[in-house]
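J.: Here is how the chains run, residue by residue.
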Amino acid sequence: MTQAATETLPITSASDIVAVRQKTRELAIQLKFTLVDQTKMVTAASELARNALEHGKGGSCQIEVVKNGVREGLRLMFQDHGPGIADLDLAMRDGYTTGGGLGLGLSGSKRLVNDFEIHSMPGQGTTVTITRWK
Amino acid sequence: MERIPILRMGNYLLVTIQVDMHDRLAMTLQDDLTQQISKTGAIGVLIDISSLEIVDSFIGRTLANIAAMARVLDAETVVVGMQPAVAITLVELGMSLPGVRTALNVESGMELLQTSRGSFARGMQDDSSGN
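Just so you know, the protein sequences line up as chains F and Z, in that order.
Going by the working numbering, the first sequence opens with residue 1, and the numbers climb by one from there.
Going by the working numbering, the second sequence opens with residue 1, and the numbers climb by one from there.
It is worth saying that the hints were derived from the structure and are not from the lab.
Honestly, I wouldn't trust all of these hints.
[What the hints assert, rightly or not] Here are some chain Z residues pointing at chain F (derived, C-beta under 8 Å):
| hint | residue |
| --- | --- |
| 1 | ARG24 |
| 2 | ASP31 |
| 3 | ASP32 |
| 4 | ILE54 |
| 5 | SER57 |
| 6 | PHE58 |
| 7 | ARG61 |
| 8 | ALA85 |
A quick note: this is a predicted structure, and the numbers were derived from the prediction, not measured.
Every residue gets a Cβ at the ideal spot worked out from N, C-alpha and C, and that includes glycine.
Turn these sequences into a full structure, and let the hints steer you where they fit.
T.: In structure tokens:
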């Protein structure tokens with residue numbers, strides 16, 4: 001059993017969001033995710049990549065296939081170098097936005113995955129890690 | 001510059017989105033469509049998204065904006081062909097596309113556009129239904 005290598009994609013432009021979506025889709029298909037699961041993971045990836053670009057002034061997405069016993073999953077870690085989030089509870093609320101968006105990026109993508117972790121410190125950027133298990 | 005083609009058929013504008021749209025392309029489509037409605041006097045816009053493998057909050061918001069702008073310009077918009085997996089994901093994400101009319105396929109979408117026009121009362125009913 002070989003472990004797929006970790007891959008890191010830059011997020012510095014709108015077309016990088018598309019690249020993150022495509023890579024996520026490719027790995028989700030490799031893992032034989034159902035179409036609905038693929039779609040959820042790709043959509044969550046798109047939301048978080050856009051967050052990293054728009055609120056985080058760019059960053060990166062690390063994609064890896066993970067294993068927990070016999071279970072396989074796809075894990076994405078988004079890191080940005082933005083201003084960070086002072087109030088995480090508020091940021092996770094549906095409809096809360098500091099940009100011009102709908103405020104569904106964080107709260108919505110959390111609903112689309114199995115595991116969701118967010119770490120942020122004002123002035124030190126934000127890291128969001130999501131995992132969807134097969 | 002990359003653009004999504006807009007076809008004109010009589011009083012209607014037809015758009016088929018066949019690429020994985022980046023955000024700027026979606027914004028360009030919104031601008032182009034609004035301009036075309038104004039220029040051609042189109043009364044209906046049909047947007048086929050059957051090739052779209054995801055609709056995230058940005059694309060969803062763009063579709064809602066197009067529908068709202070078209071309405072202000074006296075044109076109806078129907079979004080057709082959403083894949084079931086996309087519908088499931090979109091609702092779970094928290095977007096149910098309020099204000100956007102949908103149909104299962106191009107045929108029923110065109111039918112919807114043709115029948116909704118002329119019945120001025122429909123808009124009135126919609127307005128009063130919230131009371």
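J.: Evaluate each hint against the coordinates.
T.: Here's how the hints hold up against the structure:
1. ARG24: This hint holds: Z/ARG24 lies near chain F, its Cβ roughly 5 Å from the closest one there, short of 8 Å.
2. ASP31: 15 Å, violated
3. ASP32: Hint violated; Z/ASP32 Cβ to chain F Cβ min 17 Å, cut 8 Å.
4. ILE54: 5 Å, holds
5. SER57: Given a least distance of 5 Å, the restraint on Z/SER57 holds.
6. PHE58: With Cβ-Cβ at 6 Å, under 8 Å, it holds.
7. ARG61: 6 Å, holds
8. ALA85: 4 Å, holds
Consistency with the previously given hints fails for numbers 2 and 3, ordered from lowest to highest.
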